[in-house]
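Colleague: Chain by chain, the residues run as shown.
2 protein chains.
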Amino acid sequence: MKLLEEHIKNRGTVLPGNVLKVDSFLNHQIDPILMQAVGKEFADRFRNLGITKIVTIESSGIAPAVFAGLELGVPVVFARKKKSLTLTENLYTSSVYSFTKQETNDISVSKNFLGKGDKILLIDDFLANGQAILGLLEVAEQAEAEVVGIGIVIEKSFQQGRVLLEKTGYPIYSLARITSLENEQIRFVEGE
Amino acid sequence: MKLLEEHIKNRGTVLPGNVLKVDSFLNHQIDPILMQAVGKEFADRFRNLGITKIVTIESSGIAPAVFAGLELGVPVVFARKKKSLTLTENLYTSSVYSFTKQETNDISVSKNFLGKGDKILLIDDFLANGQAILGLLEVAEQAEAEVVGIGIVIEKSFQQGRVLLEKTGYPIYSLARITSLENEQIRFVEGE
Numbered sequence: 001m002k003l004l005e006e007h008i009k010n011r012g013t014v015l016p017g018n019v020l021k022v023d024s025f026l027n028h029q030i031d032p033i034l035m036q037a038v039g040k041e042f043a044d045r046f047r048n049l050g051i052t053k054i055v056t057i058e059s060s061g062i063a064p065a066v067f068a069g070l071e072l073g074v075p076v077v078f079a080r081k082k083k084s085l086t087l088t089e090n091l092y093t094s095s096v097y098s099f100t101k102q103e104t105n106d107i108s109v110s111k112n113f114l115g116k117g118d119k120i121l122l123i124d125d126f127l128a129n130g131q132a133i134l135g136l137l138e139v140a141e142q143a144e145a146e147v148v149g150i151g152i153v154i155e156k157s158f159q160q161g162r163v164l165l166e167k168t169g170y171p172i173y174s175l176a177r178i179t180s181l182e183n184e185q186i187r188f189v190e191g192e
Numbered sequence: 001m002k003l004l005e006e007h008i009k010n011r012g013t014v015l016p017g018n019v020l021k022v023d024s025f026l027n028h029q030i031d032p033i034l035m036q037a038v039g040k041e042f043a044d045r046f047r048n049l050g051i052t053k054i055v056t057i058e059s060s061g062i063a064p065a066v067f068a069g070l071e072l073g074v075p076v077v078f079a080r081k082k083k084s085l086t087l088t089e090n091l092y093t094s095s096v097y098s099f100t101k102q103e104t105n106d107i108s109v110s111k112n113f114l115g116k117g118d119k120i121l122l123i124d125d126f127l128a129n130g131q132a133i134l135g136l137l138e139v140a141e142q143a144e145a146e147v148v149g150i151g152i153v154i155e156k157s158f159q160q161g162r163v164l165l166e167k168t169g170y171p172i173y174s175l176a177r178i179t180s181l182e183n184e185q186i187r188f189v190e191g192e
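Heads up: the protein sequence lines correspond to chains A and B, in order. Take the first sequence: its position 128, counting from 1, is numbered 128 in UniProt numbering, and each next residue is one higher. Take the second sequence: its position 186, counting from 1, is numbered 186 in UniProt numbering, and each next residue is one higher.
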């Protein structure tokens, strides 16, 4: 998605350790006009597949997910993140390890909002090591919901997440695929 | 806002202790069509005031805030919540006590995204004891940003937040004002 790549190039910053900061339009400050375009792009890619719900993770997944949800006319459920859950009654849960923060969070979704018969699109802001999406896939499995596809705003294609997710066989649609952040240069996968 | 009141009546549930659960369209599952209407309502109320940014708190404030931001054509900044912050460099911070969860969280906003000259609209999902909005007001003060107004999706008018905020003198616009949850009946402030 050209528009998104331009925002990443113009407004993103690269920090040591292959960290891409896009706090200015996605992760802390949100650009609603861009997020609307992002949501539409997801919706166009996964339209007419009978999607009943979008599932994402708080907090940075919410903005792109709600715009996709509006476009597709379906509700959005965001998984909650907590250090560790004590009460898990009526919840689907999964443990997600963050390599960036070096901590494990439990994510959870209420059984009230996801179940058998749901056809879901998973959306997240970043795909790096793939742990968050794997957690959502586990939640979907517990709910016996059918995963129709995975939508990622920014993929760091040089990390293991993409390969891990491809093994699951679900269609993955990443709007921007970054092939390298070396020498503080942002390089995108070409020819997409 | 009639549409919102209907959703609260039809889809909300009252739990013991004057707790209103609106997990089915606002706090866990999000109804994007309703959130778009909510965002438009905020935008209409606070249009033409020169607002430069909307500031909210993760996670449930994000959906109404991004739709208001889209309507007003301004970015949204969401304050991050953390148990306690160790690194506060380059951050505006404030401590917020939650009566519901009986815990204190530090909220923070990067100095990169808020400053002198900003005219901001604060948006939050709930107004009960007012602590979250008071925290955002403190952040705004640190940033020397001008607060133009406060937009609340659901106000529990029988708790102290409304009175506390009125003392600050900022215009408050609550889309649904609940006057009582007694006997598991949801009653709204009449004649609005």
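Worth flagging that the hints you see were computed from the coordinates, not collected in a lab. There's no promise every hint is true.
Since copy identity is lost for identical chains, a pair holds within one copy or between any two.
PhoX-like, lysine-lysine: derived pairs with alpha carbons at most 20 Å apart [what the hints assert, rightly or not]:
(1) 82 - 101
(2) 83 - 101
(3) 116 - 81
(4) 83 - 21
(5) 2 - 116
(6) 111 - 21
(7) 82 - 2
(8) 167 - 2
(9) 101 - 167
(10) 40 - 101
(11) 82 - 119
(12) 101 - 81
(13) 40 - 116
(14) 83 - 2
(15) 101 - 119
(16) 167 - 83
(17) 119 - 2
(18) 116 - 167
(19) 119 - 83
(20) 116 - 101
(21) 111 - 81
Colleague: State the violated hints by number, sorted upward, taking the hints as numbered earlier in the document.
Modeller: When the structure is compared with the hints, numbers 3, 4, 5, 7, 8, 9, 10, 11, 13, 14, 15, 16, 17, 18, 19 and 20 turn out to be violated.
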